[in-house]
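Protein chains: 4
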Amino acid sequence: MIIVMNSGATEQQIEGVVNKIKEAGLDANISRGTERTVIGAIGDERKLEQEYFEALPGVEQAMHIVKPYKIVGREWHKQDSVVNIKGIPLGGNQIQIIAGPCSVETPEQMALAAQEVHAAGCRLMRGGAFKPRTSPYAFQGHGVEGLKMFRTAAEKYNLPIVTELMDARQLETFMEYDVDVIQIGTRSMQNFDLLKEVGKVNKPVILKRGMSATISEWLMAAEYIAAGGNHNIIFCERGIRTYETYYRNVLDVTAIPVLKKETHLPVIVDPSHAGGKAWMVPALSRAAIAAGADGLLVEMHPNPCEAWCDADQALTPQELKDLMVSLGAIAGAIGRTI
Amino acid sequence: MIIVMNSGATEQQIEGVVNKIKEAGLDANISRGTERTVIGAIGDERKLEQEYFEALPGVEQAMHIVKPYKIVGREWHKQDSVVNIKGIPLGGNQIQIIAGPCSVETPEQMALAAQEVHAAGCRLMRGGAFKPRTSPYAFQGHGVEGLKMFRTAAEKYNLPIVTELMDARQLETFMEYDVDVIQIGTRSMQNFDLLKEVGKVNKPVILKRGMSATISEWLMAAEYIAAGGNHNIIFCERGIRTYETYYRNVLDVTAIPVLKKETHLPVIVDPSHAGGKAWMVPALSRAAIAAGADGLLVEMHPNPCEAWCDADQALTPQELKDLMVSLGAIAGAIGRTI
Amino acid sequence: MIIVMNSGATEQQIEGVVNKIKEAGLDANISRGTERTVIGAIGDERKLEQEYFEALPGVEQAMHIVKPYKIVGREWHKQDSVVNIKGIPLGGNQIQIIAGPCSVETPEQMALAAQEVHAAGCRLMRGGAFKPRTSPYAFQGHGVEGLKMFRTAAEKYNLPIVTELMDARQLETFMEYDVDVIQIGTRSMQNFDLLKEVGKVNKPVILKRGMSATISEWLMAAEYIAAGGNHNIIFCERGIRTYETYYRNVLDVTAIPVLKKETHLPVIVDPSHAGGKAWMVPALSRAAIAAGADGLLVEMHPNPCEAWCDADQALTPQELKDLMVSLGAIAGAIGRTI
Amino acid sequence: MIIVMNSGATEQQIEGVVNKIKEAGLDANISRGTERTVIGAIGDERKLEQEYFEALPGVEQAMHIVKPYKIVGREWHKQDSVVNIKGIPLGGNQIQIIAGPCSVETPEQMALAAQEVHAAGCRLMRGGAFKPRTSPYAFQGHGVEGLKMFRTAAEKYNLPIVTELMDARQLETFMEYDVDVIQIGTRSMQNFDLLKEVGKVNKPVILKRGMSATISEWLMAAEYIAAGGNHNIIFCERGIRTYETYYRNVLDVTAIPVLKKETHLPVIVDPSHAGGKAWMVPALSRAAIAAGADGLLVEMHPNPCEAWCDADQALTPQELKDLMVSLGAIAGAIGRTI
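Which chain is which? The protein sequence lines are R, C, P and B, in order. According to the UniProt record's numbering, the first sequence is numbered sequentially starting from 1. According to the UniProt record's numbering, the second sequence is numbered sequentially starting from 1. According to the UniProt record's numbering, the third sequence is numbered sequentially starting from 1. According to the UniProt record's numbering, the fourth sequence is numbered sequentially starting from 1.
FYI, nobody ran anything at the bench for these hints, they're computed from the structure. Some hints could be false.
If chains are identical, the list can't say which one is meant, so a pair holds when it fits in one copy or spans any two.
[Unchecked claim] List of simulated lysine-lysine pairs, DSS-like, C-alpha gap at most 30 Å:
(1) Lys78 x Lys321
(2) Lys67 x Lys86
(3) Lys47 x Lys148
(4) Lys203 x Lys20
(5) Lys22 x Lys203
(6) Lys321 x Lys203
(7) Lys321 x Lys20
(8) Lys321 x Lys67
(9) Lys321 x Lys47
(10) Lys22 x Lys200
(11) Lys260 x Lys148
(12) Lys156 x Lys260
(13) Lys22 x Lys196
(14) Lys321 x Lys260
(15) Lys70 x Lys156
(16) Lys200 x Lys67
(17) Lys261 x Lys20
(18) Lys47 x Lys67
(19) Lys261 x Lys156
(20) Lys78 x Lys156
(21) Lys20 x Lys156
(22) Lys156 x Lys67
(23) Lys78 x Lys67
(24) Lys321 x Lys22
(25) Lys148 x Lys200
Keep in mind that this is a model prediction, so the values were computed, not measured.
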């Protein structure tokens, strides 16, 4: 940690900071510049809190220089990690497109959806049984009944299922129905108690980025899961909140190479929630794969116009098939397969 | 709801939209402009989903024109609501300053804090027993033990206590220790399952604004609580996330008059988390009261330099006393008391 | 334009709005809903100002439903426009990579840069003679001398030159030195007087997006140029300002398909200023081309470590060559060439 | 400047950085931590560019620790500066409310406006002759004719006039009509050529904050003016761009105490452009004054419903009078006058 003192800091204040560093078991290096004195803390600076030092008299600013995440960081784990989902690898050379409807509606809808997901060549299926809705008066998902419908429909095509967990109290049910991948939604990225719970189970977790989460906060949220023992974590970029109102969110493609540098874990992208409109999905999907994403989470509905939620962002089965062809070409251009 | 058709929309597409409106039990008004046809849905438009209509062929845009919130909205409840906290009114002419440390540390710290909160003339006390921390390796709060320490310290001065609930599974404990005001933190504003739970209990709830929540999302989060039967809701503005890096968040004072217009419920402000530095608190507090806030949530620590978290944003006891004097003058200037 | 009245709006207020619409030469359609009355203005609504109607008594909200831009809009010009730059087409099937240093430094640096741009297979060259710098104490560019050096160096390889115009008073000099493409920088996007001036000349203009400009403001800035008679406009996305601090800006790839839908004009991307680091450029460049961009503006310096500005974001000559190969593959995957 | 090396940085890379620091005439302090080596540059670090060092091999990050602004910074000028506007002090104990219409429309409107500004007790008048409009088809202001009308109307009540300069070519006209305060608008905050020009004249300048400018960029923009010799600079906070759509901008009150700490120059606030609605102005004005602003820039129109631009944000004459009374009470509460 670097501690920058005020221009008028006294010797006593400098000593005060040095003492606090030593009390924490670290060493101090003092550098007296022409306008500022800078103190460096030498040792495991993760023990030090920036706010604590910024409250000391004479301190202008304190800055961490070491990354606060360890298990998920690439610094201590150079090789790419591949998450194994019932034999399907996520994070290797093969790109995974996870498709399916926004919400589980009826057994018929799910049967048709599973058939189309399979027909398009996708190997994993998504669908929501518990739905986070802005309004308490909107459809909240079928819950446990939805999980059952989803499981039944996907089994026919051996498609592992991905679905969102919103509350720690539902985790047992998720284990009972053998959900293959637990999705932590954007609004739960910093639900720390929930992260701790999924850290204890042996299931892959897709961790969506919070609506306005920084890269650092996102990595720390993953560290919560990893600290519990579960290292099967997949990051999912889904667009961030900005001032732009033409589209729902701004897909942050820069996050892809940045995460690839900072973490060894796989990174996927949700182009459907990012743009919020089906017609934007193909361009955003191609951009994500070209930037190095390991997979996508795409909304497809057998009949978008009849969808119970987010109808305007679901692809039709034919559009999904066309997208797969187009993504195959992009994957090939960067030496990967789909 | 207003549905704007594309410039090239066909008669059949217009008819399709009209039919969908009628299926939902509403009436349609068609207005043919020179460049666009606009269809208005007449009746209870809360039944209609914007996304559903935007997925229909020929539709350019669909817009709600009625507010989606009902119970918390001022449109149907003109008078200001006053929340009664063990006899202390929040929302009336008297402004309430809720003070206390960021986190419950020791019985001694809490005893001293309670004494100083009381001595400064505050009538309610805050303190965190369960702490949402960005890092899994940081102090996570004392939990239930913290609640006990807090209750004991506050009781001596008859100070009702305000503390954060992070997980629905802790709610029973909160009821057992008779927490007076349940705080829903910024990261939980859209934890819908948690909102539903606090909607079922008979306790005042402080609902902090999400880090990048819109006014509309915030009101809808309150509607979740209200829909469960609990109308004792207090909004708490705590700064929003922006591009500015000099301060932690940007205190959104405009939200105060806007909420006062949109809802009948009280509005308070947390100047400590907004700016993130103790020296910014007096100016922000004065601004909040001058803009019409009904109260504040302020961090005060008997000895900020020794605080276990957010040390740099806590006022000293003397600074809190000075702030109370200064706020008394501002309150007087707008015809209120403190 | 749609005007939504307050729930308590009187007949007289409704009449007042209708009269104002008629005074402007348009017709009014009144739709009385259960909770709100909505008035539609029929005719050329571009004559009406939203703010004007929102100031009238009883009005809750006024909304334009027709796009405010005409010349640059695709609605009235369906075909893609191709901008001809001394025989080099920008906007057609062939993608153009415009490369070169951030700033013009010395004749030697420019000679070497031009040689490398040409060797990599690029057909256009960029370089800054007038530099917008955050600090008045930083190198401000060589100005006219820089233009001369640039022109001399580029001529050897027949590379048309792209350079930034910051002030209308420099336009004459730009014409004198026959700058091939005038770049309007991000800080000048809403320098309306400057836009009017470049609207009067017969030179292609690259219009960079303002740091926090909406798509609509950006299109309107282009409309300023177009309204003056110059339709040779190229949009350049260069990242937007957000709360994220890991990278300088967030490259907004969604803007690419959205602009392609809204305007017939070409769209290019500046991956160097977006991410701010050379190592991010390849991933961002591939994403941009995959999303449909018609070209790129890339920083390359013969010796980045010695660059006078933005040293950390310039590619080396070899990195530019590698990038060209990689982009060729992506272009091929979407049926275009490079 | 602090330079943090990568965890795997070699001795040669460390030496390379040290050499570059010495070449610039500074000294280097090397601190070898357990995970990172940190190099401190000792001397006038303003000579070093962060980007330059971040481009060197082995460097992870470079950070300035000294403020980049000098003339406008409080570090080297402890006392508050008071700007004298024809005998009226801005920045002292007395708060100045600058009122007037958005745009100069007719001699009659300006005569009436001046009368009302004076009657309300304001000592300065604002009005726009050159208007920055998002659309090229909107009213662009009366230009020079507008300046004349404004001058004539204001003279009757000895009101110094404040008006916006958009283009350096208009500066001579501004001097000719003896404009008392030159306003640099939000879109021109980083029009560096314009800043340089107003830095050469002897007129007070109101420098509005850019729509998404950081505090640091804003201070540097002022430094551009100051570096030219003109130190009569007044900062004007006018709301920043965020994701919130309920109001036009978010008034950043935190900027007020922060600027007061960083600069000795006066700070005023424009509550009209911040919120964008007249009904928000009183609350925002009170908040600004309570937070320590030295003045306000408020829109008032003799007849808002007939205003040619921003009709919905102008106060009526009576509302301005009421506001002055209300602000007088707030000013009194903090020991100032109005």
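Hints, verified against the model:
When the C-alpha separation of lysine 78 and lysine 321 is checked against a cutoff of 30 Å, the pair qualifies only between copies, where the shortest distance is 28 Å, while the shortest distance within a copy is 36 Å. Taking the shortest alpha-carbon separations for lysine 67 and lysine 86, neither the intra-copy value of 33 Å nor the inter-copy value of 46 Å comes in at or below 30 Å. For the identical chains of this complex, lysine 47 and lysine 148 are inter-copy neighbours only, at 28 Å across copies versus 46 Å inside a copy, given an alpha-carbon limit of 30 Å. For the identical chains of this complex, lysine 203 and lysine 20 are neighbours neither inside a copy (42 Å) nor across copies (42 Å), given an alpha-carbon limit of 30 Å.
Taking CA atoms no more than 30 Å apart as the test, lysine 22 paired with lysine 203 passes in neither setting, with 42 Å inside one copy and 46 Å between copies. In this assembly of identical chains, lysine 321 and lysine 203 lie within 30 Å of each other by CA distance solely inside one copy; the values are 29 Å within and 43 Å between copies. Taking the closest pair of Cα atoms, lysine 321 and lysine 20 come within 30 Å of each other only across two copies (29 Å); inside a single copy the shortest separation is 62 Å, beyond that limit. Taking identical chains as interchangeable, the C-alpha atoms of lysine 321 and lysine 67 are never at most 30 Å apart, the minima being 42 Å within one chain and 33 Å between chains.
In this assembly of identical chains, lysine 321 and lysine 47 lie within 30 Å of each other by CA distance neither inside one copy nor across copies; the values are 51 Å within and 33 Å between. Proximity of lysine 22 to lysine 200 under the C-alpha cut-off of 30 Å is found in neither arrangement, the shortest distances being 36 Å within a copy and 50 Å between copies. For the identical chains of this complex, lysine 260 and lysine 148 are neighbours neither inside a copy (36 Å) nor across copies (42 Å), given an alpha-carbon limit of 30 Å. Proximity of lysine 156 and lysine 260 under a CA criterion of 30 Å is satisfied in neither setting, with 35 Å inside one chain copy and 41 Å between copies.
When the C-alpha separation of lysine 22 and lysine 196 is checked against a cutoff of 30 Å, the pair qualifies neither within a copy, at 32 Å, nor between copies, at 48 Å. With identical chains, the CA atoms of lysine 321 and lysine 260 are at most 30 Å apart both within one copy (28 Å) and between copies (23 Å). With identical chains, the CA atoms of lysine 70 and lysine 156 are never at most 30 Å apart, being 40 Å at best within one copy and 44 Å at best between copies. Proximity of lysine 200 to lysine 67 under the C-alpha cut-off of 30 Å is restricted to the intra-copy arrangement: shortest distance 24 Å within a copy versus 42 Å between copies.
Taking CA atoms no more than 30 Å apart as the test, lysine 261 paired with lysine 20 passes between copies only; the shortest distance there is 27 Å, against 34 Å inside one copy. Taking the shortest Cα distances, lysine 47 and lysine 67 sit within 30 Å of each other both inside one copy (12 Å) and across copies (29 Å). Within a single copy, lysine 261 and lysine 156 get their C-alpha atoms no closer than 38 Å, and across copies no closer than 40 Å, so neither meets the 30 Å cut-off. Taking the shortest alpha-carbon separations for lysine 78 and lysine 156, neither the intra-copy value of 38 Å nor the inter-copy value of 46 Å comes in at or below 30 Å.
Taking identical chains as interchangeable, the C-alpha atoms of lysine 20 and lysine 156 are never at most 30 Å apart, the minima being 63 Å within one chain and 34 Å between chains. When the C-alpha separation of lysine 156 and lysine 67 is checked against a cutoff of 30 Å, the pair qualifies neither within a copy, at 45 Å, nor between copies, at 44 Å. Taking CA atoms no more than 30 Å apart as the test, lysine 78 paired with lysine 67 passes inside one copy only; the shortest distance there is 15 Å, against 37 Å between copies. Within a single copy, lysine 321 and lysine 22 get their C-alpha atoms no closer than 62 Å, and across copies no closer than 34 Å, so neither meets the 30 Å cut-off.
Taking the shortest Cα distances, lysine 148 and lysine 200 sit within 30 Å of each other both inside one copy (24 Å) and across copies (28 Å).
Hint check: violations occur at hints 2, 4, 5, 8, 9, 10, 11, 12, 13, 15, 19, 20, 21, 22 and 24; the rest are consistent with the structure.
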